[in-house]
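> Listed here are the chains, written in short residue letters.
There are 2 protein chains.
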Amino acid sequence: MTAKISPLAPQTLAHLPPMDGVRIATAAAGIKYADRTDLLLMRFDAPASVAGVFTQSLCASAPVEFCRANLVGGRARALVVNSGNANAFTGRKGSEAAEITARVASAAVGCPTEEVFLASTGVIGEPLDADGFSDTLRDLANATDTDGWSDAAEAIMTTDTYPKLATCQVMIDGVEVRINGIAKGAGMIAPDMATMLSFVVTDADIAPDVLQTLLADGVGDTFNAITVDSDTSTSDTLMLFATGAATARGAPRITDAHDPRLASFVTALHALMKDLALQIVRDGEGARKIVEIAVKGAASDAAAKIIALSIANSPLVKTAIAGEDANWGRIVMAVGKAGEMASRDRLQIWFGDIRVAVDGERDPDYSEDAASAVMKNPEIAITVDVGVGNGRSTVWTCDLTKDYVAINGDYRS
Amino acid sequence: MTAKISPLAPQTLAHLPPMDGVRIATAAAGIKYADRTDLLLMRFDAPASVAGVFTQSLCASAPVEFCRANLVGGRARALVVNSGNANAFTGRKGSEAAEITARVASAAVGCPTEEVFLASTGVIGEPLDADGFSDTLRDLANATDTDGWSDAAEAIMTTDTYPKLATCQVMIDGVEVRINGIAKGAGMIAPDMATMLSFVVTDADIAPDVLQTLLADGVGDTFNAITVDSDTSTSDTLMLFATGAATARGAPRITDAHDPRLASFVTALHALMKDLALQIVRDGEGARKIVEIAVKGAASDAAAKIIALSIANSPLVKTAIAGEDANWGRIVMAVGKAGEMASRDRLQIWFGDIRVAVDGERDPDYSEDAASAVMKNPEIAITVDVGVGNGRSTVWTCDLTKDYVAINGDYRS
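Protein chains in written order, with numbering that gives the first Met the number 0: chain H, 0 to 412; chain A, 0 to 412.
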């Protein structure tokens with residue numbers, strides 16, 4: 000299923016160093032395709048704190064429901080992820096498949112099933128044969144390695160053209176801690192969340208409720224500010240694990256989200272989440288261009304986000320961008336249909352630094368050539384001031400190309 | 000701009016007979032393209048009753064604002080429509096262009112500007128040079144003919160591949176009256192309304208407020224139940240005129256929307272509106288298939304419509320249909336993201352007569368071959384029972400093909 004690598008892919012993939020207390024193994028379990036890694040086991044030597052945010056879909060997948068239930072305990076010893084099958088809309092059989100997988104993992108790792116977390120991505124509606132990969136999963140528990148992050152990112156790919164990886168180091172109370180993150184997603188990407196999986200791990204020692212606050216606060220302008228096609232998956236999962244291994248180096252345990260010692264960590268985590276989110280947009284199915292859409296002057300930040308997403312999800316805007324057409328009339332259309340307050344007579348629109356519209360009409364200094372030159376870039380910034388207030392929001396999307404249609408017109412078969 | 004005729008076009012175009020009291024003229028005024036009819040004048044010998052419904056866009060075009068103001072009077076002597084330029088987001092110049100056009104028409108026809116109605120469709124944001132076609136418009140007033148309905152439908156086309164025409168006869172109180180309607184639209188089609196223009200005329204004698212009620216009641220499951228690309232135009236306009244010429248043949252004046260003599264007319268008008276609306280979907284940009292999406296079992300009719308539109312507007316559903324892929328997992332996804340109540344464990348999905356999903360999983364009798372056979376048809380019915388109540392709604396859309404991207408990636412240039 001892997002196509003030619005997206006032209007928007009990062010020049011180099013991040014190298015994620017080993018992290019104390021985390022071991023990884025992957026395998027080709029033949030879940031949908033032969034000879035393709037499709038099963039990931041991540042195990043934590045000691046119980047890690049865990050937090051998660053999930054799809055808003057009312058038809059959430061079995062693994063999502065399983066994780067939501069286990070999050071109450073806040074402790075994780077194992078994460079099992081498969082690609083090739085989303086185990087979504089699979090009814091009672093889907094729940095059973097999730098439970099089988101969790102039981103196999105818990106036995107192999109030696110922990111209660113309440114400390115196992117699951118994610119599945121791939122085709123919706125096909126039964127997932129958990130028994131079929133149970134032996135492979137058992138074997139994985141004895142094959143884990145500390146140096147498997149790249150393999151992990153590859154094992155969870157579906158229509159992705161490259162693995163998404165990010166890492167950083169940051170100080171907590173004078174002790175260096177690390178954050179490693181992987182993600183997958185290329186289509187069915189839209190708030191809230193998408194067929195988007197992301198797993199972020201730190202060796203800092205942070206209580207589960209603090210992790211949950213950090214995730215919830217950080218997701219709004221990162222993973223929930225990207226859209227490829229406005230389609231929200233049944234399986235979206237973002238989890239954050241904290242092993243606490245850094246306590247061996249003197250790191251403190253953090254039990255308050257407002258602990259001032261956490262400030263740098265929060266900033267670094269947010270940057271890493273944004274990095275991973277944008278890597279997903281850069282791999283948008285068929286994408287040739289990544290587009291940052293900043294809306295300001297709205298009645299509120301929430302209104303600004305609705306307008307920004309209306310622009311970002313408009314097929315007519317996205318096809319115009321694919322055609323390198325500075326068609327700001329379609330931006331006006333998308334603002335108008337968003338249903339949020341906007342002043343037609345004060346609206347301003349920029350492509351890059353080129354203001355194309357002002358005071359309800361074409362900018363008198365508008366240069367078609369200058370605007371067209373902006374549209375030829377692979378990275379395009381569109382700014383819209385809707386002229387009614389101080390609300391602002393930024394979202395990211397990609398263009399809509401014939402390749403998107405080709406990829407999605409022939410995915411399941 | 001006219002492409003090859005849509006494969007979904009009606010086999011034969013309706014022939015609209017002349018209607019007493021209505022005269023039509025069209026011209027190639029060179030508004031955007033040379034040698035293409037782009038200007039329509041429809042004049043009424045005596046003031047007609049008039050009603051209208053318009054785009055919900057907050058950036059409505061100058062002609063839409065002009066018509067809204069004039070509707071208060073409820074009387075029409077002239078309708079002027081141009082294609083090639085939407086006169087939208089054109090600021091003060093746009094209002095001036097509308098006023099110039101109305102003044103020229105009022106002088107040529109001999110009526111107050113309050114009895115002139117306007118519509119413009121085409122590119123957004125470009126100034127409309129009303130002076131440029133004023134002479135042509137004056138000439139048209141002396142060139143009108145009773146037999147110009149086909150020409151009228153052609154003059155208002157933009158990316159349409161065929162003119163949309165419908166006609167019917169119906170009795171009011173034992174007197175035969177006629178309804179003629181034309182429409183245009185192929186992209187930027189979504190509730191509420193679209194770059195969708197439609198003008199319907201009857202020789203019945205019906206008061207303006209009654210016409211307005213009929214339009215408002217009829218639009219919900221016709222023009223506002225179609226979507227090509229979820230993009231709502233700045234210019235959507237549906238107007239209904241009643242000349243009253245049939246009073247010469249003994250037709251009564253109708254002043255009450257609940258008048259029992261109006262029953263057949265209401266039914267016929269509704270059928271004609273649906274006919275025109277579906278002709279627009281059949282001309283959806285790049286469309287190869289027309290899809291009827293019926294949702295039942297929802298918490299309310301309104302909830303059912305939100306779910307139906309979520310399915311109809313999903314790029315992943317629409318590309319799957321283009322690929323003739325019975326990918327009901329994407330239907331589940333679209334139901335889940337709609338945000339309305341649905342029972343994942345009672346959800347049922349049919350493609351045509353083939354039930355593919357039941358009780359939260361794949362139908363045990365599911366036949367991939369049978370479902371795939373349905374998908375090869377140019378007309379596809381998808382039925383979804385979300386299993387929570389009695390709400391129901393039906394909407395229509397088309398597939399999303401590479402041709403949609405091609406048409407819209409290179410429209411303005």
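Do not rely on the hints blindly, as some may be mistaken.
Any copy, or any two copies together, can satisfy a pair, since identical chains are not distinguished.
Simulated pairs of lysine-lysine, DSSO-like, Cα-Cα distance not exceeding 27 Å [unchecked claim]:
| id | residue 1 | residue 2 |
| --- | --- | --- |
| 1 | Lys3 | Lys92 |
| 2 | Lys401 | Lys375 |
| 3 | Lys401 | Lys92 |
| 4 | Lys31 | Lys375 |
| 5 | Lys295 | Lys92 |
| 6 | Lys3 | Lys401 |
Since the hints were made in silico from the structure, they are not lab data.
> Indicate, hint by hint, whether the structure satisfies it.
Each hint tested on the structure:
| no. | hint | result |
| --- | --- | --- |
| 1 | Lys3 / Lys92 | neither (35 Å within a copy, 48 Å between copies) |
| 2 | Lys401 / Lys375 | both (17 Å within a copy, 21 Å between copies) |
| 3 | Lys401 / Lys92 | neither (37 Å within a copy, 37 Å between copies) |
| 4 | Lys31 / Lys375 | between (38 Å within a copy, 25 Å between copies) |
| 5 | Lys295 / Lys92 | between (47 Å within a copy, 25 Å between copies) |
| 6 | Lys3 / Lys401 | both (15 Å within a copy, 19 Å between copies) |
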